[in-house]
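Enquirer: So you can see what is in the structure, the chains are spelled out below.
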Amino acid sequence: MFKLFKSKFFWLLLLVIIISLVVMNATAAQRANVTFLEKVIRDTYVPLQSGVSSFRNNWDGWTVVFSDKRHLQQQVKLLEAENSQLSMENQSLQEYKQESFRLRKMLNFDNANREKYDLLPAHLIARSPNNWYECITIDRGSRQGVKKGMPVISPNGLVGRVGSVSENSAQVSLITDREMAVGAIIQKTRETNGIVEGLGDSNQLRMINIPYYSKINEGDRIISSGLSATYPPGINIGTVTEITREPNGLLLVAMIKPAVDFNKLEEVFVITGYHPVEGFEVEEE
Amino acid sequence: MRILVLILLPWLAIFLQSTIFSFYSIKGTTPDLVLVFVTFFALFNTAKKGSGYAFFCGLLEDLYMGRFIGLNALSKGLTAYIVGKVQGNVFKENIFVGVLGVLVATALNFLFLFLISIMVFDVFHIDTGMLHHIMYQAVYNTIVAIPLYIWYYNSSNSGVLRTPWRV
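Keeping their order, the protein sequence lines are chains A and B.
FYI, in our numbering the residues of the first sequence are 1 to 285.
FYI, in our numbering the residues of the second sequence are 1 to 167.
Where hints are given, some of them may not hold.
[To be verified] Lysine-lysine pairs mimicking DSS-like chemistry, simulated, CA-CA at most 27 Å apart: (1) A:Lys-3 x B:Lys-85; (2) B:Lys-48 x A:Lys-8; (3) B:Lys-49 x A:Lys-8; (4) B:Lys-85 x A:Lys-8; (5) A:Lys-69 x A:Lys-264; (6) B:Lys-85 x A:Lys-6; (7) A:Lys-3 x B:Lys-49; (8) A:Lys-3 x B:Lys-48; (9) B:Lys-85 x B:Lys-48.
[Stated by the list, open to error] Just the calculated beta-carbon pair ranges, DEER-fashion: (10) A:Val-40 x B:Thr-46: 24 to 32 Å; (11) B:Met-119 x A:Tyr-96: 53 to 61 Å; (12) A:Gly-149 x B:Val-104: 40 to 48 Å.
Just so you know, these hints were derived from the structure itself, not from any lab.
Computed from a predicted model, the values in this text were never measured in an experiment.
Note that beta-carbon positions come from the ideal geometry of N, C-alpha and C, so glycine has one too.
Could you build all of it, start to finish, from the sequences and the hints given here?
Expert: Next up, the structure:
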């Protein structure tokens, strides 16, 4: 035992363990900025990661050329049908939009900046190198105006939030990460305020804090509530796949299938500026 | 040259894990190449050297991630220390030693991650998804370990990773 205490390696090991535990604890919470060393390390990867990403995109394009022609024809037909259906839906939505404008004018509530996001397009260049964190790296950083905490979306829905920024890249924590939580409501009823949290699985989310009397059903669409300062309201999160009651019986838990296919994500948009809709005042009136 | 390659190996491993392997992951799981190289290094060197090198590699991974800095460094350092302690009693010429070493190291690394997380953060949520990740990762690591061990063994004996005292 005394021999162990005389060993220099033992004391060095103990010192390293203590320092590591302290640093680990200090870096567990979200930090305002990453250190210079972290920025340098990340930026050394960016050129190669961008190269691999663009090569992969080009390669995917080439493989499509050689893939089954019949399969492609079927896909074209499906997309044409979907396109015509969406065009019809769009027409009716345009009508609703015009009606909404008219009603807003009648109520003397007209905000020129309504529902406007300043979007910065970005490419996904890398994913998390280990399996414990759900995050991606994008090719836009502080030089392009990206800041920590900015929400990230794709045409399908909410992707996540910028976790840290270096000069030419940014790390985006996905909503599927275990440490992420988003305030959410059911799009149809708009009455339930729950919290959607990540499970560390790219195909599943969980909505908690739903009262037992809530009118929530399988297939309901879940959108961001806008109650948190980070995420604007109305962004698609996913659809309800399963509802269970918590053991205490007072709250429900819903499993959500994310609207975004995180495994096929290639392009995203960083919301660099957001002009909120002041619609709540109208509802109260 | 040997030192340069040893520094470049974890850098390259993180690059491959974050790009090629993550784009073509199996059920969302990627292999831990850093752990594979760390295990090999500990097998061909002493426990002290192995743990030091593993700590450096884990730290590089932590700095890249920017979260819980020291978690991977510590877990990989301790894993390599145990692997390094048993390396004197095994026949490194046998490929199964390397492959089995990686399998055991994957389990040990997760055990240390679990214990450190419990100690520092008080919580560690183990669910079925995480257990699946570990199982898939153990299999994935073992598969990639086969060609990498052959390369590492040859390099350590007569290639770029040959230690000076072997000359």
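Enquirer: Hints first: check each against the structure and report whether it holds.
Expert: Right, here's what the structure says about each hint:
no. : hint                              : result
1   : A:Lys-3 x B:Lys-85                : holds, 18 Å
2   : B:Lys-48 x A:Lys-8                : holds, 12 Å
3   : B:Lys-49 x A:Lys-8                : holds, 14 Å
4   : B:Lys-85 x A:Lys-8                : holds, 17 Å
5   : A:Lys-69 x A:Lys-264              : holds, 22 Å
6   : B:Lys-85 x A:Lys-6                : holds, 20 Å
7   : A:Lys-3 x B:Lys-49                : holds, 20 Å
8   : A:Lys-3 x B:Lys-48                : holds, 17 Å
9   : B:Lys-85 x B:Lys-48               : holds, 9 Å
10  : A:Val-40 x B:Thr-46: 24 to 32 Å   : holds, 31 Å
11  : B:Met-119 x A:Tyr-96: 53 to 61 Å  : holds, 56 Å
12  : A:Gly-149 x B:Val-104: 40 to 48 Å : holds, 41 Å
In this structure, every one of the numbered hints holds.
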